Amino acid sequence: MAGAAQAEISNDMVKIGYLADMSGTYRDLAGPNGLIALEMAVADFGGQVNGKNIEIVSADDRNSPDVASSTARRWVENDNVDMIAGLVASSVSIAVSDILEESGKLGIVSGSAASSITNEHCTPNHIHYVYDTYPLANGTASAIVKEGGKTWFILTADYAFGHALEADVTRVVEANGGEVIGTIRHPFPTPDFSSFILQAQGSGADVVALANAGADTTNAITTAGEFGLTQSGQTLAALLLFLTDVHALGAEAAQGIQLTTGWYWDMNADARAWSDRFMEETGVRPTMVHAGIYSSTIQYLNAVKATGSDEAQAVRKQMIATPINDMFATNGRIREDGRMVHDMYLAQVKTPAESTNEWDLYNIVRTIPAEEAFRPLSESQCPLVTSK
Amino acid sequence: MSNSVNPADIHKTMLDQQKSEHRRRLILNLVLLALLMVAPMVMYPVFLMKILCFALFAVAFNLLLGFTGLLSFGHAAFLASGAYTTGYLLTTFSGLSTELGIIAGTLVATLLGLGFALVAIRRQGIYFAMITLALSQLVFFFFVQSSFTGGEDGLHGIPRGQFLGLIDLNDNLNMYYFVLAVFLAGYLLVQRIVDSPYGQVLKAIKQNEPRAISLGYNVNRYKIIAFVISAGLAGLAGSMKTVVFQLASLNDAHWHMSGEVILMTLLGGTGTLLGPVVGAAFVVNLEYQLSQGPLADWVDAILGTIFVLTVLMFQSGIVGQVQKFMKKNIG
Chain Z
1 MAGAAQAEIS NDMVKIGYLA DMSGTYRDLA GPNGLIALEM AVADFGGQVN GKNIEIVSAD
61 DRNSPDVASS TARRWVENDN VDMIAGLVAS SVSIAVSDIL EESGKLGIVS GSAASSITNE
121 HCTPNHIHYV YDTYPLANGT ASAIVKEGGK TWFILTADYA FGHALEADVT RVVEANGGEV
181 IGTIRHPFPT PDFSSFILQA QGSGADVVAL ANAGADTTNA ITTAGEFGLT QSGQTLAALL
241 LFLTDVHALG AEAAQGIQLT TGWYWDMNAD ARAWSDRFME ETGVRPTMVH AGIYSSTIQY
301 LNAVKATGSD EAQAVRKQMI ATPINDMFAT NGRIREDGRM VHDMYLAQVK TPAESTNEWD
361 LYNIVRTIPA EEAFRPLSES QCPLVTSK
Chain X
1 MSNSVNPADI HKTMLDQQKS EHRRRLILNL VLLALLMVAP MVMYPVFLMK ILCFALFAVA
61 FNLLLGFTGL LSFGHAAFLA SGAYTTGYLL TTFSGLSTEL GIIAGTLVAT LLGLGFALVA
121 IRRQGIYFAM ITLALSQLVF FFFVQSSFTG GEDGLHGIPR GQFLGLIDLN DNLNMYYFVL
181 AVFLAGYLLV QRIVDSPYGQ VLKAIKQNEP RAISLGYNVN RYKIIAFVIS AGLAGLAGSM
241 KTVVFQLASL NDAHWHMSGE VILMTLLGGT GTLLGPVVGA AFVVNLEYQL SQGPLADWVD
301 AILGTIFVLT VLMFQSGIVG QVQKFMKKNI G
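Just so you know, the sequences run in chain order Z and X. So the first sequence is numbered by this note's numbering: it starts at 1 and just counts up by one. So the second sequence is numbered by this note's numbering: it starts at 1 and just counts up by one.
These are computed hints drawn from the structure, not numbers from a lab. Just so it is clear, the structure is predicted and the values come from calculations on it, not from any experiment. A portion of the hints provided could be inaccurate.
Simulated DEER-style distance windows between Cβ atoms [to be verified]:
#	chain 1	residue 1	chain 2	residue 2	range
1	X	P294	Z	N80	17 to 27 Å
2	X	V119	Z	A167	48 to 58 Å
3	Z	T386	X	S97	30 to 40 Å
4	Z	N80	X	M37	39 to 49 Å
5	Z	R333	X	P294	30 to 40 Å
6	Z	V57	X	F307	21 to 31 Å
Covered stretches of chain Z, going by a simulated chain X footprint (3 or more residues, C-beta under 8 Å) [as the list claims (entries may be wrong)]:
#	region
7	61-72
8	90-97
9	110-124
If the Cβ cut is set under 7 Å, some of the chain Z residues that face chain X in the computed set are [to be verified]:
#	residue
10	S23
11	N78
12	Y159
13	F161
14	I368
15	A370
For each residue, glycine too, the CB sits at the ideal point set by N, CA and C.
Full structure from sequences and hints, please.
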């Protein structure tokens, strides 16, 4: 269906669908505030591109691939939606990208973690913008090993996502000369981490890594805080942690944790300026996902403007050809497999003494260059890359 | 069946009543069928298919709750086992025709239902519900851990294929009429079961189990059969859903799904044939409408409130209330 690029805007408007978890676990990191970020991007274009109106529709995917795919299908088949933004739960993103490929429309994934989205699940119809598990493991693990954290203990959520992260971390730790001396798998989800944290503490490892996400991670961190894990000299490394999680935990409980992030609101003047605007609208500081939604929508609309078309392949080609320099990334670029590669940052959560306000939470310890952070194309299983 | 104790005149009035009720039901069914036939012209077919799949699921569930009086809190396991079996087979064996995949999914769910029934049927009431919940959680963890299900990501890109190698199911309208046919088959099967002498025994068990036992019925066997049929139909609904959406995910196996089907059935009206269908349409539609608007945050709260109100004030559900109203005013 993805036919030749027509140099025109279909249905005399550009319609963007925002599909995300608006009410569940991932509400804070994307959710309704992500929609506001999207609206900010559209407002910056004056609500129009090349004289055609930009329209936004939104829906709650309830973290369910069923709900997401039926909504996405209706949008692209019935409601003339040109691009779907948001996309948080990995299962949702994979389900929606199948529909996008079938219908020849475009999607920009901003919230999902799974690196498989641009690896075995890559399609010519979506872009994965903010981060994925590859740099998370890579950034955090290699940095900590290099700083002298040689022995590792990994706490893994016992399902596919946790296993994949555990494998990634183990690979990175061993490649850098460290050693994984123990792993425990905990059921998903786990409300009480005491016994796991005690085992981790008893292992005597330099580093305790959390290969889990969401409520599991915050529960584990709270418990580790209660048992004084970091105070007793062990390093706690969370692999997937959002600003909103750290904010909910507070600097007291989360202090000293190292994590990898794609963006931090206070990392430079542009980011600060944009996040001030965001805070005026929402009352909170943006996560990297919010920033990614804004930035990717601007990139998308710029590409529509440049090509004069909202046809997915024409726009995607233009987006790939355009380097990204804005409040989100410097010298970011979108690769052939749909992966947006940009510098990632190793951050450490500030102590309550260092933190000057409730959102002043990270010290950026190190910038991880884009080439080092993301999975290189030479290791890709994506047919768009391998068939060349 | 061995009931000949009724005096002949009572029997006759009962038969007359039954006849007029059957006639009314036939008319209603025909009207409904006509509506369903033209529905895809005005509504989005995939959405209608979703409603039909959940309606079939709820109808299957209602056979247990509404007509046998067994509250299963583990029906998600059957929906998911049907969905995953069909999804796995259709993706792995590309030559397999769609209907065989669906039949296989239904069979697996049926067998699983037999296993559940043999364990759970030994207890009654809340214990029965808890055992089915526990077993379905086992099934959930099996699906989380197994590699063939794709874990959290689920199974994706399942081909819709062709029906009997003739009709291309990738076309939404073809797919719709296929789903409609399967739904009708399931619905009519349940209707037939409920009307049959076997269904009468089920109702007797629901009303007064000790009496059914004292009349000489092997109650457990009747219950097991009802459970297995219900599980099989739930599996069929899951298989259909997989083919429609081309994906199978953990949501199907989660206990939320077991709760949702209870909600649909109670809202629509337990113990009525049409109730679960109306309930499914209502819940699916409400979820969709709410998720589009500014109330997205409140979907669960609103559904919960409706549930509480239904249980407190309209125990017979939407269809039950309508029936009461009709009886009172039309006779």
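Hints violated by the structure (listed by number, smallest first): 2, 4, 14, 15
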